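Peer 1: Top line first, the protein sequences correspond to chains A and B. Read the first sequence against this note's numbering and you will find it ends at 127, with the numbers running on by one and no gaps. Read the second sequence against this note's numbering and you will find it ends at 102, with the numbers running on by one and no gaps.
Just so you know, these hints were derived from the structure itself, not from any lab. One thing to keep in mind: the hints can contain errors.
As the list claims (entries may be wrong) - Beta-carbon label-pair distances, calculated as ranges: (1) K30/B with G111/A: 21 to 29 Å; (2) E71/B with N43/A: 27 to 35 Å; (3) P54/A with K46/B: 43 to 51 Å; (4) S101/B with G31/A: 41 to 49 Å; (5) S33/A with A17/B: 22 to 30 Å; (6) K56/B with G31/A: 20 to 28 Å; (7) S33/A with P(-4)/B: 37 to 45 Å; (8) M42/A with D47/B: 26 to 34 Å; (9) T66/B with Q32/A: 46 to 54 Å; (10) M97/B with E74/A: 19 to 27 Å; (11) N55/B with P54/A: 28 to 36 Å; (12) G111/A with K59/B: 23 to 31 Å; (13) L37/A with K46/B: 32 to 40 Å.
Model, not experiment: these values are computed from the prediction. The beta-carbon is built from N, C-alpha and C at its ideal position, and this holds for glycine as well.
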Amino acid sequence: NAGVTQTPKFRVLKTGQSMTLLCAQDMNHEYMYWYRQDPGMGLRLIHYSVGEGTTAKGEVPDGYNVSRLKKQNFLLGLESAAPSQTSVYFCASSYGTSSRQYFGPGTRLTVT
Amino acid sequence: GENVEQHPSTLSVQEGDSAVIKCTYSDSASNYFPWYKQELGKGPQLIIDIRSNVGEKKDQRIAVTLNKTAKHFSLHITETQPEDSAVYFCAASRSGSGYSTLTFGKGTMLLVSP
């Protein structure tokens, strides 16, 4: 099992450009999450999904959109990237509420 | 919403010493408390978790204690080794009705010197 995978690993964008980050899990988990990690800020939840076709906002959702068309995939989109979105993005998945979350290796995004 | 405070932000110990990281939470309904270890350039990895019906849990050199009354929980690492050097995060959430997602502390950088 690959667990949780993320693509791409690194990306540099110019302000105003768009991109999509892909997360895939092969553990048949219902719940999936997108976090961003900034120095000294810990992990902050952007959006999450409690099942295929459903999404919900987390702590810092502005400027991001998500989709969960298939149970195993969770996409994070940036429609118009801003320098404030420079961060490391982590995807995670779990069986259910208060279940162990398994994290992917992360995507380092720089917006210039 | 939930607020999780984590201390210290950095911790330096000698190999073989013990290390303790402490977290406090604000939501008395929180009932799930995991700890994650993050090595440089990698994603966080769960190392131990505890639920509110248990006061202490051990796994080899790692233990977690929970004080529900005081709303704090701690990670204890004994006989530290250089490979324990990493950033550690605590988190809290509640399950069941009124489910909440995990709220993370800001992390503790643990440095173990040989």
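Peer 1: All the hints need checking, so say for each whether the structure fits it.
Peer 2: Verification of the supplied hints:
Distance hint for K30/B and G111/A: a CB-CB separation of about 25 Å, consistent with the stated range 21 to 29 Å. Between E71/B and N43/A the CB atoms are about 32 Å apart, so this pair conforms to the stated range of 27 to 35 Å. Between P54/A and K46/B the C-beta distance comes to about 32 Å, which lies outside the given range of 43 to 51 Å. The supplied range of 41 to 49 Å is met by S101/B and G31/A, whose beta-carbon atoms lie about 46 Å from each other.
Separation of S33/A from A17/B is about 39 Å and departs from the stated range, judged on CB atoms against 22 to 30 Å. Here the CB-CB span from K56/B to G31/A is close to 49 Å, at odds with the stated 20 to 28 Å. Restraint check, S33/A to P(-4)/B: a C-beta distance of roughly 40 Å satisfies the suggested window 37 to 45 Å. For M42/A paired with D47/B, a C-beta distance near 21 Å fails the hint of 26 to 34 Å.
At roughly 49 Å, the beta carbons of T66/B and Q32/A sit within the given window of 46 to 54 Å. With their beta carbons about 23 Å apart, M97/B and E74/A fall inside the hinted range of 19 to 27 Å. At about 30 Å, the beta-carbon gap between N55/B and P54/A stays in the expected band of 28 to 36 Å. For G111/A and K59/B, the hinted distance range of 23 to 31 Å is satisfied, since their beta carbons lie about 24 Å from each other.
The hint said 32 to 40 Å for the Cβ distance between L37/A and K46/B, and at roughly 38 Å that hint holds.
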